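S.K.: Listed below are the residues making up each chain.
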Amino acid sequence: MRKWLVQPEFDITRDQERCIQCQVCVRQCANDVHEYDDEDGVVCSENAGCVGCHRCATLCPTGAVKINQSKLDFRPNAYWTPSIIRNVYKQSEGGGILLSSMGNDRPFRNYWDMMVLNASQVTNPSIDPLREPMELTTYLGRKPDRIEVEKSGNGFSLKTKLAPQLHLEIPIMFSAMSYGSISLNAATALARAAMEMGTFANSGEGGLHWSLHPYAENMIVQVASGRFGVNAEYLNRSAAVEIKIGQGAKPGIGGHLPGEKVDASISETRMIPEGTDALSPAPHHDIYSIEDLRQLILALKEVTQNTKPVSVKIAAVHNVAAIASGCVHAGADIVAIDGFRGGTGAAPTMIRDNVGIPTELALAAVDERLRKEGIRNRASLVVAGGFRCSADIVKAIALGADAVYIATSALVAMGCHLCQKCYTGKCNWGIATQDPYLMKRLNPDVATRRLINLLRSWELEIKEMLGGMGVNAIESLRGNREHLRGVGLDQTELETLGIKPAGMGA
Amino acid sequence: MKRIYAREAYCLGCRLCEINCMVKHSRSKKIIKAFRKERDILQPSLQVENSGLLSFAVQCRHCDDAPCIDACITGAMHRDSKTGAVVCDESRCAGCWSCIMVCPAGAIRRGKERKVASKCDLCVAEKMPVCVANCPNEALVYEER
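These protein sequence lines map, in sequence, to chains A and B. Every letter in the first sequence is one number past the one before it in my numbering, and letter 398, counting from 1, is 398. My numbering runs 1000 ahead of the 1-based position in the second sequence.
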């Protein structure tokens, strides 16, 4: 066999004492790593194809299979790290752009873990959310500059006409993942869970499959540069419309769904011929300025008769605050900011790992800018990009977010092991694939239940944290950076985040 | 009565149902020991059938009008009065294989250890049949229909 410079990334060890040769691993690996040797009656493994997705190890009934990072170490070199060397090997062999999936996995500073939350002691009582009401209800959309009330009967009623709002029971929504990038079973589970939890899922840019039409009231539909599946019915069959300008995992880059994935069902949903590549251009070819964006926003509002909020999703980049401000001036009711930890089905590795800025800093900067301009009320802020736990979400809301988008954590809840091979279309967990054999592996009933469980547990945790701070509504925390303190951050970072260092009182 | 139903749309064809069935009906009930020491006599009471992309587990349907009970020459194949499951009394089974010939689902097999009919007993002692309980994708359900 010809030897290549690229060596396997994982070592598969099979404990022969435990292996019962049942071949579950053989049947489960889409990368043909495991093989049953009929002659010798044993299962053997070939490390080369292993992506570290743990499908075999998870399903092995005796726990005989273990996956470890390859022990083939290079001479230690802090500059030429193993992944850098491997990338050069890969490119010198294949001669192409390195592809990857999911979010930026480099060890950039993670600000969530360097911020801590406050809690009540003595002078203000904390609240037990299990015994007292706790409000997580969130409304997304343009809020009026001022409200007028008028007397009606014995009470008062609102005179000001409110802009359309999205009503969320919990401030967590599912971020855009198109049907195509994920399987229909995964998309179905997200829609069902959103409906059950009183929140919203996002169709992504791939149109809305007919089987998801019953969930339309809990779907945000996306209009991206490819305009796949977009027509008046699509826009109206939704709770809100989102214009996707950029994505945190690949700012400045369009999308590419390979033709192999475009089967009859996806072709129908995206309104493109079967088997053709679905190419989303990097820019919207009709948006080259804030004025152009305004035209599209107004056009979408007109199509939907001003009944639905229009969101604009941008990637967190250097000038994010000014860009977000422009989006609000252009008439966006919701601005979604996607940080560089946000995932993707496929992105050039160099872009994923080197372009964009952390969500935390982007959020703080945007909230600050919109407040200074006095236009913070005109749009709700939704942040996305790598929310891993309920504490991250609470911190984001304290930094100024109205709600968050989660996607990677939702995929993980459905079984994703972050092997970062979505772009191969061979997802062993049935999530990021259109292979009918692999798609079956995600039972939407199971996935829906797991998503609901995740959201319920986060909801309880958020309530506990709020209670500890002595507030009984998420509104009281929103943008209240006094509840945050930084640990181990330098002065500039503290200033950008707009928080005080731990130890400094009010 | 509650029966096991396959949801073929979600069957992975991993055959963990077969493996768990074999362990449940082994002597040791311990997976590694059963497969090491009893491999030759282990036989699952259900079988994953597959053709192309389609796969699903087939086991005794515990038919209301079970032809195997009618065909049994010794009365070994009978309906458990308590659970309604069709079960084989191995002490009476003569191994004539009449039941195998008449089973419309092909769900009865010759026992590997003794010359008796071997089939799904619905794990009557358990809350849920082990194949259903251990299916990683809930492609088998145990319910009243």
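Careful: at least some of the hints might be erroneous.
As the list claims (entries may be wrong) - Here are the computed distance ranges between Cβ atoms for each label pair:
(1) A/E35 to B/L1053: 56 to 62 angstroms
(2) A/I84 to B/I1041: 54 to 60 angstroms
(3) A/Q16 to B/A1105: 35 to 41 angstroms
(4) B/L1053 to A/D128: 50 to 56 angstroms
(5) B/R1027 to A/E35: 28 to 34 angstroms
(6) A/E35 to B/D1040: 19 to 25 angstroms
(7) B/G1075 to A/A264: 50 to 56 angstroms
(8) A/D286 to B/L1053: 40 to 46 angstroms
Claimed, not checked - When the alpha-carbon atoms are kept at most 30 angstroms apart in a straight line, the in silico DSS-like pairs for lysine-lysine are as follows:
(9) B/K1002 to A/K66
(10) B/K1033 to B/K1112
(11) B/K1033 to A/K66
(12) B/K1037 to A/K66
(13) A/K66 to B/K1030
(14) B/K1037 to B/K1127
(15) B/K1029 to B/K1115
(16) A/K372 to A/K161
(17) B/K1082 to B/K1002
(18) B/K1115 to B/K1033
(19) A/K143 to A/K161
(20) A/K143 to A/K426
It should be emphasised that the hints constitute simulated quantities derived from the structure, not laboratory data. The structure displayed is predicted, hence computed values, not measured ones. Here a beta-carbon is modelled for each residue, glycine too, at the ideal position from N, C-alpha and C.
S.K.: Decide, hint by hint, whether the structure agrees.
M.R.: Cross-check of the supplied hints:
no.	hint	verdict
1	A/E35 to B/L1053: 56 to 62 angstroms	violated (21 angstroms)
2	A/I84 to B/I1041: 54 to 60 angstroms	holds (55 angstroms)
3	A/Q16 to B/A1105: 35 to 41 angstroms	holds (37 angstroms)
4	B/L1053 to A/D128: 50 to 56 angstroms	holds (52 angstroms)
5	B/R1027 to A/E35: 28 to 34 angstroms	holds (31 angstroms)
6	A/E35 to B/D1040: 19 to 25 angstroms	holds (24 angstroms)
7	B/G1075 to A/A264: 50 to 56 angstroms	holds (54 angstroms)
8	A/D286 to B/L1053: 40 to 46 angstroms	holds (42 angstroms)
9	B/K1002 to A/K66	violated (38 angstroms)
10	B/K1033 to B/K1112	holds (18 angstroms)
11	B/K1033 to A/K66	holds (20 angstroms)
12	B/K1037 to A/K66	holds (24 angstroms)
13	A/K66 to B/K1030	holds (21 angstroms)
14	B/K1037 to B/K1127	holds (28 angstroms)
15	B/K1029 to B/K1115	holds (22 angstroms)
16	A/K372 to A/K161	holds (25 angstroms)
17	B/K1082 to B/K1002	holds (12 angstroms)
18	B/K1115 to B/K1033	holds (24 angstroms)
19	A/K143 to A/K161	holds (10 angstroms)
20	A/K143 to A/K426	violated (45 angstroms)
Hints 1, 9, 20, counting from the list given before, are not met by this structure.
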